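For the protein sequence lines, the chains are A and B, in the order given. Residue 64 in this note's numbering is what sits at position 64 of the first sequence, and the numbering runs on without skipping anything. Residue 76 in this note's numbering is what sits at position 76 of the second sequence, and the numbering runs on without skipping anything.
Please keep in mind that the hints were generated in silico from the structure rather than gathered at the bench. Keep in mind that the hints are not guaranteed to be accurate.
[Stated by the list, open to error] Derived pair list, reagent style DMTMM-like, types lysine to aspartate or glutamate, alpha-carbon separation capped at 20 Å:
no., chain 1, residue 1, chain 2, residue 2
1, A, Lys325, B, Asp51
2, A, Lys325, B, Glu30
3, A, Lys195, A, Asp278
4, A, Lys195, A, Glu281
All of these numbers come straight from a predicted model, not from anything done at the bench.
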Amino acid sequence: MADKKALVREEMYFNLLPLRGGERIYGGWDFLAVQICFGIAAWFFLVGSLTGLTVPAREALPIILFGNAFPLLLIAAMAVIFARYGIEHWQGSAAVFGHRFKDVWLLVYITSSFGWIAYASFLFGQSAIRFLRVFGAPEWMTQEVPGAIVFAVIATAVGAFVAFLGPQVLKYFTRTSAVFLLVVLGYFTWSVLTKFGLPEIFAAQPAEPMETAAWSRASAIEFNVGLGLSWTFWYGQWTRLSKSESGAFHGCLWGWGVLAATAGIFSAFIALALQVYDPTEWIVTLGEGLAALGLLLFAVANVSSVTALVYPMSITLRTRFPNLKWGLAVVICSAPAVLLENPTVFESYGTYLAYIALLTGTYGGIMMADYFLVSRGVHAWRLRDIYVADSSSRYWYWSGFNPAAVIATVAGAVFYLWTLEPLSWTSANGLFPYITAGLPSYAVAFVTYAVLMRLWILPKRGDELDLGRPAPAVERDRLTPA
Amino acid sequence: MGHSPESVALPGIPDDLARDIDHRIREFEERHEAAVLADGPGWVPRIRGIDYAAAIAVNVVIVVWLVVALTGGGNG
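Let the sequences and hints guide you as you build the complete structure.
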């Protein structure tokens, strides 16, 4: 127990320190491998299924690739920022949003991530009840209610417990399950292609298209863009460990984008061939031995996803609130997800992805506008002020809130909801079938933030933000006789 | 809170951690900050234009594929 506490404290400690170049552990290829393993999980299987239920294979393939690769291109420079400064994601976000508004976004990150935990856990629950059916378990265990819910809660508890055990157990657990997942995915992709045939899959019609082709396509793009943009909350936790900006950039871009998206293509094919949302429905038809093995491996993969989410969330929360006990941080970052683990939420994945697109598109647009158009040259981030969370910091702005970021957040969110209301899946301005919603909201937030910073905040506070002057500590030493 | 801009001030962090952070920040200010101001590298080698160009090129191919797929017919 003492060792675990020491390790967790070490992680929290390590998480807050700006990392020197020599301390980085990931090269370019390492990064690619890590991000593929982190990326392939329940979220890709389910978004592939949604796509396959909505559009035919000819459109599903490029939509899955575009929806996951293009948003990642738009936010890819996020990897560069945290590699450059070596700082934790949410600590660094204070430079853009202000120290207090960053905390608001940190809260959004934690609470919105409960959905990812819930989807991974409930897919585990679905796997478990089908697995038990193969072995003739009691009826209550094989039903969605209560069986899948009970197993989903167990998955969350186990995933959170592994996260609680600390970094050493976590590394062993996730690496093992990543191998399982890759084996299952490779075998089942081969199986689905040989069993149904590529021409037949391409000839199949989607089971649940929208009222028009334009709505189907826009919706399928939006599902995938939601997942693609969602990574915007998870960059700095990883890329501060990169040995180069290029390695961080390419590892995230291809690992989370094109390569991990192949998991979505697998389940899209199954959705088209069998017209099912949950790919495990097909796995049980493979015969007892293979079904049991496949569903067991699928279940393990989803539990590892829960662990891979809960651990960085808890570390981030702990770095913001260092006095919080580790166990309590893990509970706070996992237990609320249980409320979402039910069939209704599971069937509403598209709605969840839309809300994620709203949040992450807006956040990503602001961060990228700051990187490309604001914090350049003499206005580059000042490391010291990121670590001073009071009014003496240049990133305190107005009482801890950067008004440009606040206005851009509101503008991006309002535009999204005006274009697509996720609950009713309707468009008040009628633009959704033509432009979708997540990518335009990114653009609205990007432009709004850049214009306000360049024309308002920088001219008003330009001297304070100007890094052309030596930093106070350097200046002080220069003026002090040896 | 009464901190000068030169000192680390994060709520609740232990003193030893604050000292280590401050040490790292000073190191960055002395060795890397001037380079970052001139659009040079920070702690690690800076990204090159070719990296962005490669990413854009692959995405252009995907976008063209998407456009061709979507203009080739509806879902019935």
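Taking the hints in turn, this is what the structure says about them:
no.	hint	result
1	A:Lys325 x B:Asp51	42 Å, violated
2	A:Lys325 x B:Glu30	36 Å, violated
3	A:Lys195 x A:Asp278	18 Å, holds
4	A:Lys195 x A:Glu281	15 Å, holds
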